[in-house]
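Start from chain A and add chain B according to the hints.
2 protein chains.
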Amino acid sequence: MGEKTIGVALLGCGVVGSGVVRILAEQRQLLRERTGMTFDIRHVVVRDKSKARGLDHLPLTTDARAAIDDPNVDVVVELIGGTSAAREYIEYAVSKGKSVVTANKSLLAQRGPELFALAQENNACIAFEASCGGGIPIIEAIMRSLVANRIDALVGIVNGTCNFILTKMTQNGWSYEQALKQAQKEGFAEADPTLDVSGRDAAQKLVVLASLAFNARVTERDLHVEGIDRLQDIDIKYAAEMGYVIKLLAIAERVHGDQLALRVHPTLVHKGNVLADVSGSFNAVSVYGSALGHALFYGRGAGQLPTASAVVADIVNVALGVTPLAFKQLSVFSAANRPPRVLPIEELQSRYYLRLMAMDVPGVMAQITRILGENGISLSAILQHEANLNQFVPIVITTHLANEGSVRRSVMQLDALKTIQAPTVCLRVIDQPKEFAGN
Amino acid sequence: MGEKTIGVALLGCGVVGSGVVRILAEQRQLLRERTGMTFDIRHVVVRDKSKARGLDHLPLTTDARAAIDDPNVDVVVELIGGTSAAREYIEYAVSKGKSVVTANKSLLAQRGPELFALAQENNACIAFEASCGGGIPIIEAIMRSLVANRIDALVGIVNGTCNFILTKMTQNGWSYEQALKQAQKEGFAEADPTLDVSGRDAAQKLVVLASLAFNARVTERDLHVEGIDRLQDIDIKYAAEMGYVIKLLAIAERVHGDQLALRVHPTLVHKGNVLADVSGSFNAVSVYGSALGHALFYGRGAGQLPTASAVVADIVNVALGVTPLAFKQLSVFSAANRPPRVLPIEELQSRYYLRLMAMDVPGVMAQITRILGENGISLSAILQHEANLNQFVPIVITTHLANEGSVRRSVMQLDALKTIQAPTVCLRVIDQPKEFAGN
Chain A
9 MGEKTIGVAL LGCGVVGSGV VRILAEQRQL LRERTGMTFD IRHVVVRDKS
59 KARGLDHLPL TTDARAAIDD PNVDVVVELI GGTSAAREYI EYAVSKGKSV
109 VTANKSLLAQ RGPELFALAQ ENNACIAFEA SCGGGIPIIE AIMRSLVANR
159 IDALVGIVNG TCNFILTKMT QNGWSYEQAL KQAQKEGFAE ADPTLDVSGR
209 DAAQKLVVLA SLAFNARVTE RDLHVEGIDR LQDIDIKYAA EMGYVIKLLA
259 IAERVHGDQL ALRVHPTLVH KGNVLADVSG SFNAVSVYGS ALGHALFYGR
309 GAGQLPTASA VVADIVNVAL GVTPLAFKQL SVFSAANRPP RVLPIEELQS
359 RYYLRLMAMD VPGVMAQITR ILGENGISLS AILQHEANLN QFVPIVITTH
409 LANEGSVRRS VMQLDALKTI QAPTVCLRVI DQPKEFAGN
Chain B
9 MGEKTIGVAL LGCGVVGSGV VRILAEQRQL LRERTGMTFD IRHVVVRDKS
59 KARGLDHLPL TTDARAAIDD PNVDVVVELI GGTSAAREYI EYAVSKGKSV
109 VTANKSLLAQ RGPELFALAQ ENNACIAFEA SCGGGIPIIE AIMRSLVANR
159 IDALVGIVNG TCNFILTKMT QNGWSYEQAL KQAQKEGFAE ADPTLDVSGR
209 DAAQKLVVLA SLAFNARVTE RDLHVEGIDR LQDIDIKYAA EMGYVIKLLA
259 IAERVHGDQL ALRVHPTLVH KGNVLADVSG SFNAVSVYGS ALGHALFYGR
309 GAGQLPTASA VVADIVNVAL GVTPLAFKQL SVFSAANRPP RVLPIEELQS
359 RYYLRLMAMD VPGVMAQITR ILGENGISLS AILQHEANLN QFVPIVITTH
409 LANEGSVRRS VMQLDALKTI QAPTVCLRVI DQPKEFAGN
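Note that the protein sequences, when read in sequence, are chains A and B. Here the first sequence is numbered in the working numbering, starting from 9 and rising by one per residue. Here the second sequence is numbered in the working numbering, starting from 9 and rising by one per residue.
Chain A extracted, bound-state conformation:
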């Protein structure tokens, strides 16, 4: 083991960047022992030095290109976020043959293939473990550890903000608004939470994960996305009563051989499924591989140090030459990958949860079951609590496997009835994976 110094340029020094600074300082000795290398931060690029509070001890600069060009910089770490400056600097760095570490899922979801191709051409690499699942090494697992598996499905809780909100709604019986407020107070949600609660952040992560898992050129447009922002606490309570927890899941699965069903939506997860126990800001990704079967990766999906843990691991593995070597040879986000054959959401086979507000009059249940039956939907369970006559009361129904198109048609027909108060709530259900139940 030789002694080698690795120069790092940090573009952006917000929450995660400060975490990287902290880990590289605190674990300097440990990293030296483990790798034989010393990691020095040569430049910290900020937009405005006068606004970079508490960073005075760092080598601040506003000139990103000069920092990247410094011959003493071996690894460029992009933590600016967004898709404009970040893209410009990553393109600049890799075109100069400098390897880049980034946590930027938006950019990768938007232009992964182009950026990777540019890096390949210039003998540079892009490492992006921190882009999905925070500190959970899910990218590494899919790309390298599960390389011998045809991946059949990914099912993940990949947005800590949504999971925090849903956990509070479930455990404390709070409304969505109350839980969101608490998440903002505790720093788990932004002042404008749209990106998270709309499901879009989870969608971008799924684009990255599915691209790797299925060697396909997946884009956000291939996904069906529903957020948690219209979820009502009453549905969380009914779900609990029926043995389910509601989670925002990002799901990519292979159907009919080579079609992909790609979606992000609130989902009823059976309490026996290990994903049901993933609480608070934790993330987890279930992977179903042809050889491995079901595996699950669980940990902190966000936060300063967990995310920085992944960024520093990427820096180290770039410095070791391990990531560049893998990047060069593995068909990661390859330009040769084709767009997936996407299953239209109407053709999805799933189980469903319906909550109808029905007038409690004779014959209403017969109307409901007739419409469902005519659409080929068979019921798994019905829940209706006692109520006074002549009021709208909730009727909760779960179905066996059904076709989404038929379910949507049924809901339209149901909502057209005078005895039903529209809109009927319709959520998807996943069960305990078969694998998990027995042994």
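Any given hint could turn out to be false.
No distinction is drawn between identical chains; accordingly, a pair holds when it is met within one copy or between any pair of copies.
Derived DSSO-like pairs: lysine-lysine, alpha-carbon spacing no greater than 30 Å straight-line [to be verified]:
| no. | residue 1 | residue 2 |
| --- | --- | --- |
| 1 | 104 | 426 |
| 2 | 189 | 245 |
| 3 | 104 | 57 |
Hint data in this document are derived by calculation from the structure and do not stem from the laboratory.
Quick look at chain B alone, frame taken from chain A:
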């Protein structure tokens, strides 16, 4: 991406070996797409060709050294097991500069440092992902993905046989003997199950994992090991009543700064702890890192294809040059690593579960609580069901954090009482990790 053919020699072709053959055949095209490489099995070394049933289509040989020496062999896969022939061939291979993939935790636990040093000297590498946790990429995670973390603790369910038996005892109310018989019937336990049920297999895996996590030269002698073979179903029932599940845990934790507490034993795991949900032959390892916090890796810990999934991943990563590069630079199992400062088990701080068989006479509870009190042990819960007077009845006690030495002393004193029927059962308890509870 060039087209490259990688020659593989398979030493041993039992359950896992056949799985490797199968994956390399079935996923030939997938592996080529992902890596640009073709993997060819050049030799399958068996002890007796006439006994190698169903392997006639393979290039069988009994000459391991000739197979290793073949210049067309790039990777040697050792799946013989045990510590004699396996050791001989691994030493031979690496001394010739050939990289080795092995699943042999016994050998690594016994002579990891020597073998790794020999490989380093000869510019070869040893990959061993399949040695712990079957298909779960826990070795890779600890060595590379969590490289930026000081590891504070590992808590794992790493023996599928024991977990299968305990799950059956818990879910079906079976006795140990019944559950063992079923495990043997379903192929989850050997005819002689000693290695598994004694906790020794888990101990060997913990030696490997702890060596990596703590960069220390851990040996089996450093571990306190108790198996599941004397566990009684009644304790599983009482544990359940108190909100716990009994699991065989392998635990390595940093205490008092730089001491290591290393142990394998049946443990009461709080039902809120995600490890409590790891059922059947599944394995899981919780890792607590200084930056990452709590992370969990879950999946099939044994079985043909899951283990072969890890072996093939190792073959691929050796062929990519990625594992050799990491192996050369990371202080994996380094000869420079020191033996750990081991915490004597008597000094362990833990919570405990005691089941006493006490004569139901006046004053007996006073005697018990006096002895515990005098030894500085404070009670967390007591459970005693109604029973007839003048019989031995079970009294179950859980303690707050206590010193193991004091607990052992108390048990000796209790067992000396005429009103107590020895031996008192004493198990350790772990709670929901603090991290997991809130957010």
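Hint-by-hint comparison with the structure:
1. 104 / 426: Neither way: residue 104 and residue 426 sit 67 Å apart in one copy and 82 Å across, limit 30 Å.
2. 189 / 245: Within. Shortest intra-copy distance 20 Å satisfies the 30 Å Cα cut-off; inter-copy 42 Å does not.
3. 104 / 57: Only inside one copy: residue 104 and residue 57 sit 26 Å apart there, 57 Å across copies, limit 30 Å.
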